[in-house]
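Protein chains in written order, with this note's numbering: chain A, 1 to 309; chain B, 1 to 326.
One or more of the hints may lead you astray.
[Stated by the list, open to error] Covered stretches of chain B, going by a simulated chain A footprint (3 or more residues, C-beta under 8 Å):
#1 12 to 18
#2 21 to 28
#3 47 to 61
#4 141 to 149
#5 191 to 205
#6 315 to 322
Simulated from the structure, these hints should not be mistaken for lab results.
Each residue gets a CB set at the ideal place from its N, CA and C atoms; glycine is no exception.
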Amino acid sequence: MDTADRRSVDPVVLPDPAAGLDVAPAVSRGRLVARRFVRRRLALLGLTVLTLLFALAYLSPFVTPWQYNELDTNAFLSPPSATHWFGTTQTGFDMFALTMRGLQKSLIIGLLGAVMSTALAALVGAFSGYFGGALNTILLTIVDLLLVLPAFLIIAILSPLFRDHTWIVFVFLLAAFQWMITARIVRGLTLSLKEREFVKAARFMGVPGWRIILRHILPNMASFLIIDATVNVSALILAEVGLSFFGFGVQPPDVSLGTLIGDHAGAALAYPWQFYFPSGFLVLLILSINLVGDGLRDALDPNAPVRSG
Amino acid sequence: MAKFLVRRLAYLGVLVVAATVIAYLLAATQLNPRSRYEGRNPPPPEASVDAILEELNLNDKTPVVERFGRWVSGVARGDLGRTVEGGSVNEEVGRRMWVSLRLLLLGALLGSCLGVAGGAYSAIKQYRLPDYALTLFAFLILSTPVVVLAVLYKNAGIGLNNLLGFTLLYTTGEITPGLDSGSWEGLTDRLQHLVLPTLVLMSVSIAFYSRYQRSAMLDVLGSDFLRTAQAKGLRRSQALVKHGLRTALIPMATFFAYQFALLFVGATFTEKIFGWHGMGEFFVDSITKNDVNAVAGVTLFVAVLVLIAGFLSDVIYATLDPRVRV
Chain A
1 MDTADRRSVD
11 PVVLPDPAAG
21 LDVAPAVSRG
31 RLVARRFVRR
41 RLALLGLTVL
51 TLLFALAYLS
61 PFVTPWQYNE
71 LDTNAFLSPP
81 SATHWFGTTQ
91 TGFDMFALTM
101 RGLQKSLIIG
111 LLGAVMSTAL
121 AALVGAFSGY
131 FGGALNTILL
141 TIVDLLLVLP
151 AFLIIAILSP
161 LFRDHTWIVF
171 VFLLAAFQWM
181 ITARIVRGLT
191 LSLKEREFVK
201 AARFMGVPGW
211 RIILRHILPN
221 MASFLIIDAT
231 VNVSALILAE
241 VGLSFFGFGV
251 QPPDVSLGTL
261 IGDHAGAALA
271 YPWQFYFPSG
281 FLVLLILSIN
291 LVGDGLRDAL
301 DPNAPVRSG
Chain B
1 MAKFLVRRLA
11 YLGVLVVAAT
21 VIAYLLAATQ
31 LNPRSRYEGR
41 NPPPPEASVD
51 AILEELNLND
61 KTPVVERFGR
71 WVSGVARGDL
81 GRTVEGGSVN
91 EEVGRRMWVS
101 LRLLLLGALL
111 GSCLGVAGGA
121 YSAIKQYRLP
131 DYALTLFAFL
141 ILSTPVVVLA
151 VLYKNAGIGL
161 NNLLGFTLLY
171 TTGEITPGLD
181 SGSWEGLTDR
191 LQHLVLPTLV
201 LMSVSIAFYS
211 RYQRSAMLDV
221 LGSDFLRTAQ
231 AKGLRRSQAL
241 VKHGLRTALI
251 PMATFFAYQF
261 ALLFVGATFT
271 EKIFGWHGMG
281 EFFVDSITKN
291 DVNAVAGVTL
301 FVAVLVLIAG
311 FLSDVIYATL
321 DPRVRV
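Let the sequences and hints guide you as you build the complete structure.
Here it is in structure tokens:
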């Protein structure tokens, strides 16, 4: 089979997993990564579920009869039914609408926070690795200090700060305690990239350090940063759930999956629909993000063994 | 080697002090112990509230610097101050510490050992039934927040008790009130209380470690030194344990420190849901009760735990990796 023949075959259904690699010079890196990703069935399943959850969370409020802040005074604690798909709460809120609202919050908190924390980690790690010296010492000490400080406690103490304000502050705080380990790894990667010819060439041509970092160093670890951001999405959603469970996170009247789980954990035996629907959606969400993350890792890592999935 | 460890320990000690000070200052400026007396009917006279708060070193009318100074001089003498209720933080921490440590140590030790063993086994049996089963388990556990996991285990325990017709596993507290903890009965009772919360923490650790150990072990399995070890006459199992596992354990040592801090947060949820009066509960209550001194005490405890875990991981790293000779 020569190369031309191979390309005429749909790459997704190639029986021989190694064949995709042989064609590599002919396709762009983006297509290669996409092709490797698609070949992992579990990762594709995760991506599909994630897209569906996104659509469900943001589109369902337009079609459901009840909104998350609407009371049905005729139905207190009613089990799932045709009118209330996931049942109602003690005060007559529609559980489905609440869960969807919570899902929206979790998704947005996870995505925003992950982007913030990975960006911060990339900048701190790259600057401290590239410039070294006093800057490196200061930044590494901050990293160590933040690792020793219990993040949960600090965010909880600061929770009055965002109680009356926007939840963006909360997302920022969550991100502020998520970046340290990544920053250390980025620093290590920077140290080795710094010695590479193209970086040296740029330096000898007089390109300023910050521009080398943004143009050459960070793009060269893009795969790692993308994988890290994916991992952070699920980590941040879980952190939000923990804080909101105790009332230190998203504040009423707004809801998140964490506040829903916290409010109804005690009722899990008597009124299971109040607990199991938000928890189920949460687990499904995190599971699909983790599957996507694993798939991305395999697709982006050129050294990963290719296997038929 | 000794010099390296001492320097490392000194550095970590400075970090612990810094973390505790930051936590105290944040708590002292953000929390409001006075709110405890607000909204009471009839409202207590302001002068007496001031007097009580002054005695506890919690009065927000005193400048933060002065309160901090008093707190520091207390801590220097080994006194962590008083709680909002007037009790001693030292006593609270001293009592609750052991409750939490029992959970944490059991969960961390059993969890990391089983996780490492499971991950290594999973790697050896790659793409076979045990590997798939363990991977599925790890994926499910890692996707479930500890709060949800604890509630699920608790309800499963209650379901099991109903099924059996008697209480095999207790789901609230650490001991049935009134039982003498020294007696044989007290001991079994403690054990019956301990099973479920420990299982929660163990599951999380197993899931965490087995994922990392599996990939570390897979890297090692294909290596030349393992083939050499077999070629010189070791059986495969011997070679795997002596050369494979030892090498694959090295990256795990680094995770140990990081995982321990996470485990404490996990223990907080577990304690809260299973009604244990440990440090985790103290941790959450100290914030809701605006208990400044308790917040600092808890931070010190957590920071020391992280320090010990970090130090241990350095020692393990140095012991396992023959290249580290500092």
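The hints, checked one at a time:
As drawn, the region 12 to 18 of chain B meets chain A at 4 residues by the rule of a beta-carbon pair under 8 Å; at three or more, the given contact holds. Closer than 8 Å: that is the beta-carbon criterion, and the region 21 to 28 of chain B has 4 residues meeting it against chain A, so the requirement of 3 holds. Given a C-beta distance limit of less than 8 Å, the hint that chain A covers the region 47 to 61 of chain B is violated, as 0 residues qualify and 3 are needed. For the region 141 to 149 of chain B, the stated coverage by chain A is satisfied: 7 residues place a CB nearer than 8 Å to a CB of that chain, which reaches the threshold of 3.
Here's how the region 191 to 205 of chain B fares: 0 of its residues keep a CB closer than 8 Å to some CB of chain A, so the rule of at least three is not met and the hint is violated. Counting residues of the region 315 to 322 of chain B whose beta carbon lies closer than 8 Å to any beta carbon of chain A gives 0, which falls short of the minimum of three for the stated coverage.
Violated hints for the displayed structure, listed by number in ascending order: 3, 5, 6.
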